[in-house]
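Chains as they are written, first to last, in numbering that gives the first Met the number 0: chain A, 0 to 349; chain B, 0 to 349; chain C, 0 to 349.
Hint data in this document are derived by calculation from the structure and do not stem from the laboratory.
Incorrect hints may appear among the rest.
Just so you know, same-sequence chains aren't split out, so a pair can sit in one copy or run between any two.
When the alpha-carbon atoms are kept at most 20 Å apart in a straight line, the in silico DMTMM-like pairs for lysine to aspartate or glutamate are as follows [what the hints assert, rightly or not]: (1) 47 with 80; (2) 47 with 191; (3) 16 with 69; (4) 199 with 94; (5) 332 with 94; (6) 49 with 232; (7) 265 with 210; (8) 47 with 69; (9) 199 with 210.
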Amino acid sequence: MEVSFTAAEIAAIVQAKGTRGATTDVVRRVSALAESGPGDLAFLGNQKYKADVAGARASVILLPADFPGEPAPGQLFLLVDNPSVALARVCARIERDLWPRPAPGIHPSASVASDARVAPSATIGPLCVIESGAVIHERVHLQAQVFVGRNAVIGEDSWLMPGAIIATECHLGRRVQLQPGVVIGSDGFGYEFGGGRHVKVPQVGTVVIGDDVEIGANSTVDRARFSRTSIGEGTKIDNLVQVGHNVSIGRHCLLCAQVGISGSTKLGDYVVLGGQAGVAGHITIGNGVKAGGRAGLNADLAAGSVVNGNPAIPMMLERRITILTQRLPELFKRVGALEEQLAGAEKSSS
Amino acid sequence: MEVSFTAAEIAAIVQAKGTRGATTDVVRRVSALAESGPGDLAFLGNQKYKADVAGARASVILLPADFPGEPAPGQLFLLVDNPSVALARVCARIERDLWPRPAPGIHPSASVASDARVAPSATIGPLCVIESGAVIHERVHLQAQVFVGRNAVIGEDSWLMPGAIIATECHLGRRVQLQPGVVIGSDGFGYEFGGGRHVKVPQVGTVVIGDDVEIGANSTVDRARFSRTSIGEGTKIDNLVQVGHNVSIGRHCLLCAQVGISGSTKLGDYVVLGGQAGVAGHITIGNGVKAGGRAGLNADLAAGSVVNGNPAIPMMLERRITILTQRLPELFKRVGALEEQLAGAEKSSS
Amino acid sequence: MEVSFTAAEIAAIVQAKGTRGATTDVVRRVSALAESGPGDLAFLGNQKYKADVAGARASVILLPADFPGEPAPGQLFLLVDNPSVALARVCARIERDLWPRPAPGIHPSASVASDARVAPSATIGPLCVIESGAVIHERVHLQAQVFVGRNAVIGEDSWLMPGAIIATECHLGRRVQLQPGVVIGSDGFGYEFGGGRHVKVPQVGTVVIGDDVEIGANSTVDRARFSRTSIGEGTKIDNLVQVGHNVSIGRHCLLCAQVGISGSTKLGDYVVLGGQAGVAGHITIGNGVKAGGRAGLNADLAAGSVVNGNPAIPMMLERRITILTQRLPELFKRVGALEEQLAGAEKSSS
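Here chain A stands alone, though its shape is the one from the complex (with noise of 0.2 Å):
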């Protein structure tokens, strides 16, 4: 990912609000301050790493207006509103140049069914499969390796990694994208006991996803037992997060790695859920609701809820309740001391 740019240029690329200092080293690299050195473009993303500016090497760093430091010799510091969003615009830059628009057209390695409807505009690359009914809309990029189920629809500009897969009759928006191995549209897990035996509840409902989705590496979102599972607008979700069936998704929520929807529960919007938390089923989680990573949220939570443990609680409460418990050996040995003192003090008093 050599990429090539001068001081000049990433001053234009992230408007900068102004600088100190002054280089003539060609930017070839992005880098963490600690590990950075000369060619490289270094940022302040978060305050915790202050400390390494001093002694960054990189010939350009990012830092908020109000950065009090002054560079080194040689090194050019770029003062900005905020340093994340300045780097995302010069990572924006070299983005194109490392993913760039693939040639539309349908690769002749891959199978596609006479019935399904593939815009001229979209790309289908080598050996993806695109069954009866399907359609794929303009400007769609499936990568490689791709499965498209029977009159399954994805939705203007999006990309599909090699190796996702969209069963029967899913829907996906506008520019959704979804990493590799991501499975859209899986049974969802209903049996009913009987005789014995589990019997399988037919899956028969959908899976709709809206615009500006995104969904990590080798999730998994089931398709509803009827109706439909539902991911909202501008939701972003990470890895090896399952979304069991006849979920529903508000829009634009967080949802981190490994995290897990139990069946038929519901988020509201702009929901976010650390690593690893799991959620109950047939609950309500309203609107802005955060939890903690690994938090078990069993029970319905109001709109605008802050909570962590297992089961969740009030973050709060949960801190506290975390350092008490910790002091649980103290805790005993107080009691045992009251009882002591109290028993000694009713023989003496006898």
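Please build the complex by placing chains B and C on the supplied structure of chain A, with the hints as guidance.
Leaving out everything else, chains B and C in the frame of chain A:
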């Protein structure tokens, strides 16, 4: 998934015990009570939603025989023993249209070893790979992009969905269903530490899966170090579940999403593990054990145990302890008060 | 996996230090002590199973040199330094037959870009995709349906199993083994919130994997936001593990199944994380840290720390607290009793 049934057809399919009201609408969709409208079929599968019946706009509603309410005008109540089972019957009818039985034969894009045995009634979909010595029995359906390794055996009527991977020498029973991305027969995680590095212990066993087993999307089952990893008849496994090497799972178990079973552990029959539960290695879980979601099972459990928490303890005890733990702030206060009282008492008595 | 060894051949393979008893049986299977029968090779790898030796019917049993018992008639004990290592030697022999070295060459069904470089001794299996600029070094084996993205590099003697996916620009070292469905180089989970939506932060870094690394089925490793996500030489990762963007994992670590490592966290060398453990983002875990299964690591840990629980604390303390927590019902009773006693004392003293 547009369907079309008359009220009379639905009544016949579900074997209604009785009816209230009537409708002339044609049923075109299955939907949840709260979201239902004219032309919909709804059902009361969970008492949690009883209140939704009154407001439901569905043309036909499946209800338990003892349901007290009355239908709205132009609405039909169908009274049945078990509305969930009744709905399943309707869905089974819809299912036939969704996944029609594919025509037998081998897709020209599939790569099948010359010495693999594929039954004439089997369907090998596009871009599947079948290695040397593999055996595909009658009416098996490999949907697309499925991999079947050397000498692997797939039993009659099994259905392997896109991207499923069966490694060398693994055996699947009859009517096995593998959702997309399932991996059967990956190497077990076994190393001996020596000379400052982890030396791989060859994993030369296999995986044997019984009849009527279903495994969810992107779940993984490791091959045994030697002998076999086994999953008993009728067991159902959800998405993103990990089954370690040399694990033995009994018959008719239910493993919910993201469960992990460590190596060499034995599960009896009819074991139920909630989502994200974890089971330690080299332990034995008795028949009919039930563990809640996120439970951590780290020791043998007698048949019939019902446990929760991490480490898992009897569920009733775990609930009590969870409540008491949340009362720790109060308990610390009470102990503090006792200490003051006693200090005061001592002073006054001296 | 039928094999055939004479007792003498086994003795030679395991470099037996001594023998007790004798057998004329041919060894055809490796099996567990308790399930073993004539023609089987068994071993005592875990003292937990010592009691099983007496009843074992195996023809040959691998035992530690100091094992006290005597073999049954027609049974041979082979005394070795480490029965597990000895068994590994036998399994390594079996392994050769199970996975014979494939013939070099590119399968006609593979899709290989004209400007990709594939070494003559490499094996590219059926339906693999190799994109432009990718480099496949000597003796690499891409088994089937593997994807190697633009400019990616696969080191000498690496083995990528079916469905493994290596995204653009990622680098694998030598002798790397990827189990089926592994995803290397998926986008990191990074967004900036603005205008009521999550704006993607381009993930333009890469993934660099050292020599002798193994990664389990369906595990995912995200590419860096910039610079690199790295996994050190000799580290072994189990199934369904998530490694976030910009994570740095040291050498010779063991990450058990379903572990999750959040973004920008650093693990030292020889770190061991139990199954389903989770590590927060932007923290540093020292060399040789050991964490139990399901542990939640949310702060820096000094080298050599041994922790458990969530949040993770020193293992000994965590055990004690777990026991005391389960005694909370008793503690509440004791405090209640003290309160009554004191109330009584006060009354009587007034």
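Is it within, between, both, or neither for residue 47 and residue 69, if the alpha carbons may be no more than 20 Å apart?
-> Intra 18 Å, inter 64 Å, cutoff 20 Å: intra-copy only.
Is the C-alpha distance from residue 47 to residue 191 at most 20 Å within one copy, between copies, in both cases, or in neither?
-> between (52 Å within a copy, 17 Å between copies)
What label fits residue 47 with residue 80 when the C-alpha limit is 20 Å: within, between, both, or neither?
-> within (18 Å within a copy, 50 Å between copies)
State whether the alpha carbon distance between residue 49 and residue 232 is at most 20 Å within one copy, between copies, both, or neither.
-> neither (35 Å within a copy, 31 Å between copies)
Within, between, both or neither, where residue 199 and residue 94 count as close if Cα-Cα is 20 Å or less = between (46 Å within a copy, 12 Å between copies)
For residue 265 vs residue 210, is the C-alpha pair at or below 20 Å within one copy, between two copies, both, or neither?
-> So residue 265 and residue 210 pass the 20 Å test inside one copy only (19 Å; across, 35 Å).
20 Å Cα threshold - placement of residue 94 relative to residue 332 = neither (61 Å within a copy, 58 Å between copies)
Tell me, please, which holds for residue 199 and residue 210 at an alpha-carbon limit of 20 Å: within, between, both or neither?
-> between (32 Å within a copy, 14 Å between copies)
Given identical chains, is residue 16 near residue 69, meaning Cα to Cα at most 20 Å, within a copy, between copies, both, or neither?
-> Close inside one copy (16 Å), not across copies (69 Å); limit 20 Å.
Comparing the model with each numbered hint stated earlier shows that hints 5 and 6 do not hold.
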